[in-house]
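Engineer: So the chains spell out like this:
4 protein chains.
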Amino acid sequence: MAIQLAVIGAAGYAGEELLRILTRHRRVDVAFITSRKYAGQALSNVFPRFRESGLKFSAPDVEQIAEICDVVFLALPHGLATEYALPLLKAGLKVIDISADFRLKSPEKYKEYYQEDHPAAELLSEAVYGLPERYREQIKGARLIACPGCYPTSSILPVAPLLESGLVSPDGIVVSSMSGVTGTGRKAALPLTFPECNESLRAYGTVAHRHLPEIEQELAFAAGLDREIAINFVPHLVPVNRGINSTILLNANEGCSLERIAEAYGKAYANEPFVRVLPAGSFSDTKYVTMTNYCEIAYNIDSHTSKVILTSVIDNLTKGASGQAVQCMNIIFGFEETEGLI
Amino acid sequence: MAIQLAVIGAAGYAGEELLRILTRHRRVDVAFITSRKYAGQALSNVFPRFRESGLKFSAPDVEQIAEICDVVFLALPHGLATEYALPLLKAGLKVIDISADFRLKSPEKYKEYYQEDHPAAELLSEAVYGLPERYREQIKGARLIACPGCYPTSSILPVAPLLESGLVSPDGIVVSSMSGVTGTGRKAALPLTFPECNESLRAYGTVAHRHLPEIEQELAFAAGLDREIAINFVPHLVPVNRGINSTILLNANEGCSLERIAEAYGKAYANEPFVRVLPAGSFSDTKYVTMTNYCEIAYNIDSHTSKVILTSVIDNLTKGASGQAVQCMNIIFGFEETEGLI
Amino acid sequence: MAIQLAVIGAAGYAGEELLRILTRHRRVDVAFITSRKYAGQALSNVFPRFRESGLKFSAPDVEQIAEICDVVFLALPHGLATEYALPLLKAGLKVIDISADFRLKSPEKYKEYYQEDHPAAELLSEAVYGLPERYREQIKGARLIACPGCYPTSSILPVAPLLESGLVSPDGIVVSSMSGVTGTGRKAALPLTFPECNESLRAYGTVAHRHLPEIEQELAFAAGLDREIAINFVPHLVPVNRGINSTILLNANEGCSLERIAEAYGKAYANEPFVRVLPAGSFSDTKYVTMTNYCEIAYNIDSHTSKVILTSVIDNLTKGASGQAVQCMNIIFGFEETEGLI
Amino acid sequence: MAIQLAVIGAAGYAGEELLRILTRHRRVDVAFITSRKYAGQALSNVFPRFRESGLKFSAPDVEQIAEICDVVFLALPHGLATEYALPLLKAGLKVIDISADFRLKSPEKYKEYYQEDHPAAELLSEAVYGLPERYREQIKGARLIACPGCYPTSSILPVAPLLESGLVSPDGIVVSSMSGVTGTGRKAALPLTFPECNESLRAYGTVAHRHLPEIEQELAFAAGLDREIAINFVPHLVPVNRGINSTILLNANEGCSLERIAEAYGKAYANEPFVRVLPAGSFSDTKYVTMTNYCEIAYNIDSHTSKVILTSVIDNLTKGASGQAVQCMNIIFGFEETEGLI
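Residue numbers (the numbering used here), protein chains in the order written: chain A, 77 to 418; chain B, 77 to 418; chain C, 77 to 418; chain D, 77 to 418.
A portion of the hints provided could be inaccurate.
Because identical chains share one entry, a pair is satisfied inside a single copy or across any pair of copies.
Derived SDA-like pairs: lysine to any residue, alpha-carbon spacing no greater than 25 Å straight-line [said to hold, decoys possible]:
1. 263 x 123
2. 263 x 143
3. 185 x 380
4. 181 x 378
5. 132 x 356
6. 263 x 124
Simulated from the structure, these hints should not be mistaken for lab results.
Bound conformation, chain A alone (with noise of 0.2 Å):
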């Protein structure tokens, strides 16, 4: 028997590609796709790919969706997603949020970064971040999943298990990332119209960007730290649709070599369906994850500066934001992991 679902916030490009994976999935049916700009149109009047499909928005109504519904996901900016939640939870459903509301476990980082008041503090300890590599176990009896941001994704699974083996140092790291422009939603402005970004190079955000508190957070875990790290992080806009590119430098520890990194990524990911670890000094392309859930990691040692270098890239559409939902979705229910996804 299918569960049934809701998408709120499904017109958004997270949205379109949560819709993408769960039209295909044999395990579940797609109740409810809300959106209050939409509602009453066809899906397909948005994103004619679904012409097929027969979906169609609809405003969102919680009891209704609370009724019906056994899981929904939140594709909504950040700030929205608690006004959901808060009931759908009490109305016993699983919440899968793709939005950056619960990332965070600390009010008071999420205060300093999105310049205001949590609207529902109370749910941050309890929310589950939404990396099965790392969370499985608590995602499996979740009520509430942060799902991660797509640059945390891309930087945390490569740097997690070399901070957990004691191989790098969990000071000094540097995030310098690139992102396809379907990472900034999908919304009309100047600045993203296609004779803006194409042949285009730029930075952005590059001291204090929303993701940062995100990826300290996750490392400071992964490195056994009671304090918190200080990182730089650096997103770039480059000209295409999908993919980020995260490359990442480390400070070796004594004793770091590529075979103990071979061995630390293969405790962690030997088993894992989405993460690929390449040989020892190649090179990684988004091109070959996109409309992919895989994160795939190329690592290399600078020996004459003693620094890690990682590449890792994934979609930041799917395993930046909606595989990964999906992926603990399935996971939550007990179907097979990868259901949906290849």
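Position chains B, C and D against the provided structure of chain A, taking the given hints into account.
Structural biologist: Showing chains B, C and D alone in chain A's frame:
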């Protein structure tokens, strides 16, 4: 009276860009353009943009060139420049080399990174590194100019003034760069085809890239150090035709502030015709410098890690190669430095 | 029970797309993938996307394939398919050829457009043109399928129903098409590099393109004519990876109207799983069909010139090649026609 | 002595291109650039490329402009030009309009295609169509120039000489064009964002596009006809920044041959500085004309349908708009016609 010049190896992208600039330059005549492969053919067979130029490729004939020309641009793959530079210098011509042959002062470094003995090590000490913002006086009297690489240009210009002023440490420098595909040269190769580059983001040469020792050499000079420095340089290939963005992280020294950085740049570049330093906290974008000889620099300080973060953009073919070569020529011959370039 | 299949010539873009589809298809086992060039190497060396597949290239061994397989896909350059088709057919296998070798019924036309005698003219009458929307019944019992070219698929599907219904004239048909660069095949060639294709729009083969006689043949059949028809077909190369748009102008016959066009399409395609006819006056867009097996058709009438104007979009690698090939296989073996394709 | 000029509506792509050209033009001073939206701001706030220009937007003040300037460029959306043209002409200035307001000779056609009465129909007969290759003599003495649309420029230049020489019929002309995204103007709109345009090929305005009557008007003039002609014009949006390709099919008249076409073009364009006619059977490519004022024309005959097939490429912002406007200004003021343009 116009000077006479030759471009040896004019059938690549650097050659094309040289000719775009030189055919509009009011003080020069392009007397020869050479290409072994296309000798006898019209330039417009290879680059239809130049249909009106009337130029024709010839095989490179050093004697004939030496008889007529005042200056020669070498736009050849590394390792080939020496063969032409030696007889042309002997014949009294000025030689402006766009290849990598004369950039390193140390023949040992050359051998380490290029895997062969330098063919004319005696010229290394004479060659002047063709970065006008650093070596204008030496360029004036030089016989042999070694034009900087594209990545080094985009790295040295933003970093050198901060090292000179002592605002940042020469240790722990990280350069993460992205380049357009013309940077790889004009050649048929599967990884460079449109379907393989479009929607692709990939690192390459993360360790020991050939531009690395050049950056290290010049930054050590800027820091006034006798010892070598070791930096990290990670290049990426991204789907644009032209443009390099270098994002650079530096350890701030005591007393470093946005004001003092502005001061250091003001001192270094206030009168430079081709360097733009943006207001603190701005972002540079390659699209504002492509097809120009400008280098645009943006800076910020991340106080939570005590890092100075720079981004620097150039057109890899103009300020990163041919435009800079012409700028050097203008200096040598006493022309207006911006002639042909704005 | 799954059928066993081989893909001969699996290292090109059509081969890659075949494998993308076939590795998710629930009724088949990929027993062999062959490539002379890559024999012995893992598929993932060439296409890292398939790291999890475990597939390996072998040299094409017809006997071995014939022993094990039920069906073979030929994804070879034209002229080479015959060599494999003959023995495989003799051994009782089904052969689905993606090359151009068996598309034309007339050996004379083949010689005119391919400048050589057809190597197995006796097969031309037996081969079934693999366009399910036109030849589903014949495909069911066919031994040899000649999959249509990408441009012909995008042209024949929108035009044929209007000719059959007599709404438009078979004379004066103009097809102007644009194709993404994967349409040229996977090969190193200077005109196909990123810098040469990006920011470039170019016509090619404006006269006597090899897909022309194929379109003319099928449209003459659709019009029920004994005589040949002559159309104009102009292809263009544009900077996208995947996708073909064909814009088609037809002379409207007396009585042609938007309603009657809608009727004709309804009759032809109402039950077709992979043809979408948009409402009159809509516009099709390749981005809604890439990575799918759909053909999307838009139509309008320009009353001031009495022309019917059609636009038709497909993914050149899916409905234009490999997806359609799998659709044919599904029909032949009695599988769900959409299996592996949605 | 330099003439003084103003650009009204300088914050769009045509304005940017005008300023790129005019800031390098040796015979003019840019006295005013206006923008209601950006009045008071530096030009470089909107277009950082112009950081060195020192130019600043002001609100359009007709009196002040009239007092100081000799010529005004109007780079406004259609319908707004008249408001400025009337008082400026009255004050004795030359007006060069890049909008569509004065291109059509017939106020009825204007109303038909623009759905409103022409605001100053009395100017339509006076305005000179600013295509120097067709109207150079009239441009010399004109007060008001109506610069051709981008698609019309790319269509009229290749077709007019063949109509004049009687080699092709004015009936049955088909123009299928592709344009880069800057052609839609500089504006925030969801369909123009990078993710919506990249990897997308789409027709639009297949019937009754606003450039259609302009092409028909000029081709009827070229054919020497008193009657109207009706052609088909189908534009497409493709993922490049700049460039238009128009592919044109014409019915060859008796006696038409490649030689006679070459002759007709030679007669029309042998001395034209900005028209390149390629050898018969060649292919034009937008990448050879972008950022230039050239129109490049290729031709062939398809004998099996008796069609002449032309392809014609321009940069939509240069020869298709601002470059052509400057060419007209050069003619009016007796400057070298190519000044600022090569």
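Engineer: Run the structure past the numbered hints and jot down the numbers of the failing ones, going up.
Structural biologist: 2
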